[in-house]
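Starting from the structure of chain R, add chain Z where the hints point.
2 protein chains.
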Amino acid sequence: MSTVYVVGIGPGAYEKMTVEAAEALRKSDVIIGYTVYVELVKEHFPDKEFMTTPMTREVDRCVLAFEEAKKGRVVSMICSGDAGVYGMAGLMYEVGVQYPEVELSIIPGVTAATGGAAVLGAPLIHDFCLISLSDLLTPWEKIEKRLLNAAEADFVICLYNPSSRKRHDYLAKACDLVLRFQGEDTVCGIVENIGREGEAWKVMSLKELRDTQVDMFTTVFIGNSQTKEIGGKMVTPRGYRNV
Amino acid sequence: MSTVYVVGIGPGAYEKMTVEAAEALRKSDVIIGYTVYVELVKEHFPDKEFMTTPMTREVDRCVLAFEEAKKGRVVSMICSGDAGVYGMAGLMYEVGVQYPEVELSIIPGVTAATGGAAVLGAPLIHDFCLISLSDLLTPWEKIEKRLLNAAEADFVICLYNPSSRKRHDYLAKACDLVLRFQGEDTVCGIVENIGREGEAWKVMSLKELRDTQVDMFTTVFIGNSQTKEIGGKMVTPRGYRNV
Numbered sequence: 000m001s002t003v004y005v006v007g008i009g010p011g012a013y014e015k016m017t018v019e020a021a022e023a024l025r026k027s028d029v030i031i032g033y034t035v036y037v038e039l040v041k042e043h044f045p046d047k048e049f050m051t052t053p054m055t056r057e058v059d060r061c062v063l064a065f066e067e068a069k070k071g072r073v074v075s076m077i078c079s080g081d082a083g084v085y086g087m088a089g090l091m092y093e094v095g096v097q098y099p100e101v102e103l104s105i106i107p108g109v110t111a112a113t114g115g116a117a118v119l120g121a122p123l124i125h126d127f128c129l130i131s132l133s134d135l136l137t138p139w140e141k142i143e144k145r146l147l148n149a150a151e152a153d154f155v156i157c158l159y160n161p162s163s164r165k166r167h168d169y170l171a172k173a174c175d176l177v178l179r180f181q182g183e184d185t186v187c188g189i190v191e192n193i194g195r196e197g198e199a200w201k202v203m204s205l206k207e208l209r210d211t212q213v214d215m216f217t218t219v220f221i222g223n224s225q226t227k228e229i230g231g232k233m234v235t236p237r238g239y240r241n242v
Numbered sequence: 000m001s002t003v004y005v006v007g008i009g010p011g012a013y014e015k016m017t018v019e020a021a022e023a024l025r026k027s028d029v030i031i032g033y034t035v036y037v038e039l040v041k042e043h044f045p046d047k048e049f050m051t052t053p054m055t056r057e058v059d060r061c062v063l064a065f066e067e068a069k070k071g072r073v074v075s076m077i078c079s080g081d082a083g084v085y086g087m088a089g090l091m092y093e094v095g096v097q098y099p100e101v102e103l104s105i106i107p108g109v110t111a112a113t114g115g116a117a118v119l120g121a122p123l124i125h126d127f128c129l130i131s132l133s134d135l136l137t138p139w140e141k142i143e144k145r146l147l148n149a150a151e152a153d154f155v156i157c158l159y160n161p162s163s164r165k166r167h168d169y170l171a172k173a174c175d176l177v178l179r180f181q182g183e184d185t186v187c188g189i190v191e192n193i194g195r196e197g198e199a200w201k202v203m204s205l206k207e208l209r210d211t212q213v214d215m216f217t218t219v220f221i222g223n224s225q226t227k228e229i230g231g232k233m234v235t236p237r238g239y240r241n242v
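Residue numbers (numbering that gives the first Met the number 0), protein chains in the order written: chain R, 0 to 242; chain Z, 0 to 242.
So here's chain R without its partners, still in its complex pose (with noise of 0.2 angstroms):
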């Protein structure tokens, strides 16, 4: 039985790769991505073979994944951040039922969230929601209701694809959502290119979040009643009783 392995790459740099991750990628004979994740690998990993497909190719993309496993070459699959969130290791599955003969490995690495949170300081901590905007798969309807839910259960909230060309108001939307819950100064950050070049993030209001523009490649963080900021730090304490 073949294996194709279902790696997390993180958000970008080498070093925030798990040792794990690495050692799947070494072992490959051939790396199989979306074009800017196998970018990020491939330096590290000159003597692989890489192939991809563009983003709205994903079905092929696993197919391809399978078939290159069924010649008996031993295959990554890549993901940025974790493989089984907003990652490829789900549709490998659905489409792996036509391929019993191949088996999968899923290897977990660092996801936007905790990526992100590490460079704004502390925001998560504690129960948090991730939420994507991206409605190309699911109805807004459903976006805005897990965003009100969200909100009104206090809940940290970390959005995935803030934007694109076609979604620019859709933070602003999002934020408008939160705002019937928490306070216009509710502690929020954005953090751009985490792990990789031109990383940047802030850390602002509720408020001035809902007018700021973000592009695809920002996670967003938007605060719970008890975040506070911290030497400029955004941070969200463990718990409801004081230190």
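It cannot be assumed that every hint is accurate.
No copy labels: a pair is met if it fits in one copy or bridges any two.
Think about it this way: if two alpha-carbon atoms lie no more than 27 angstroms apart in a straight line, the pair counts; the simulated DSS-like pairs of lysine-lysine are [stated by the list, open to error]: (1) Lys-227 to Lys-141; (2) Lys-206 to Lys-165; (3) Lys-144 to Lys-172; (4) Lys-206 to Lys-144; (5) Lys-227 to Lys-69.
Since the hints were derived computationally from the structure, they do not count as laboratory data.
Using the frame of chain R, we list chain Z on its own:
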């Protein structure tokens, strides 16, 4: 200015640590942590000095780290999983207000949600919540509200601290709340001792989960309306359109 590294060591196995985390420990003079986590890393860094404080002495542990750093020593404060997810990063910023001459560097890691997900298959994939069932620092009413709101909005839910000696019925109580919005056949999963000796996992229905006894080393995953079982694994598709 001296630096304290606050290091997420991942679920436990050395291989699941990031390259950066291993480097931080390698260049440290002293490694500080809760006894259980210190035992997990000790064998891989045999030449280091280790210091521990018990479970409830977290503030003392932070003070210890800052005091050692003030002496000019390179210090790592270790946390299991990610330093910023139910970890020490937040408290270190709070205590750090008293130590303006010491800088914090947070090094993210693989948290139980993503580490456990990789064992179960691909249960998270899209929007999800992390909720701790420990009411040591959070009122139960707040936990209850979060469970209800998360279930109503069809989030996948990952439960940390699902049980303890004093809270043996909390998982059943949590399942009963989720059952108000999700069906009895909702696909769920548990993982014990993620990435450690004795790792074990099981996929089951929400009804079965309700009547399952778990311990404090277990992470629990409750699927959403889209989650399914594929070849014995727990898989949530990304989005709501068919492949």
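How the hints compare with the structure:
Taking CA atoms no more than 27 angstroms apart as the test, Lys-227 paired with Lys-141 passes between copies only; the shortest distance there is 19 angstroms, against 29 angstroms inside one copy. Proximity of Lys-206 and Lys-165 under a CA criterion of 27 angstroms is satisfied intra-copy only: 23 angstroms inside one chain copy versus 42 angstroms between copies. For a Cα distance limit of 27 angstroms, the shortest separation of Lys-144 from Lys-172 qualifies both inside one copy, at 12 angstroms, and across copies, at 24 angstroms. Both within a single protomer and between protomers do Lys-206 and Lys-144 lie at most 27 angstroms apart by alpha-carbon distance, with minima of 21 angstroms and 25 angstroms respectively.
Taking the shortest alpha-carbon separations for Lys-227 and Lys-69, only the inter-copy value of 26 angstroms comes in at or below 27 angstroms, while the best intra-copy value is 52 angstroms.
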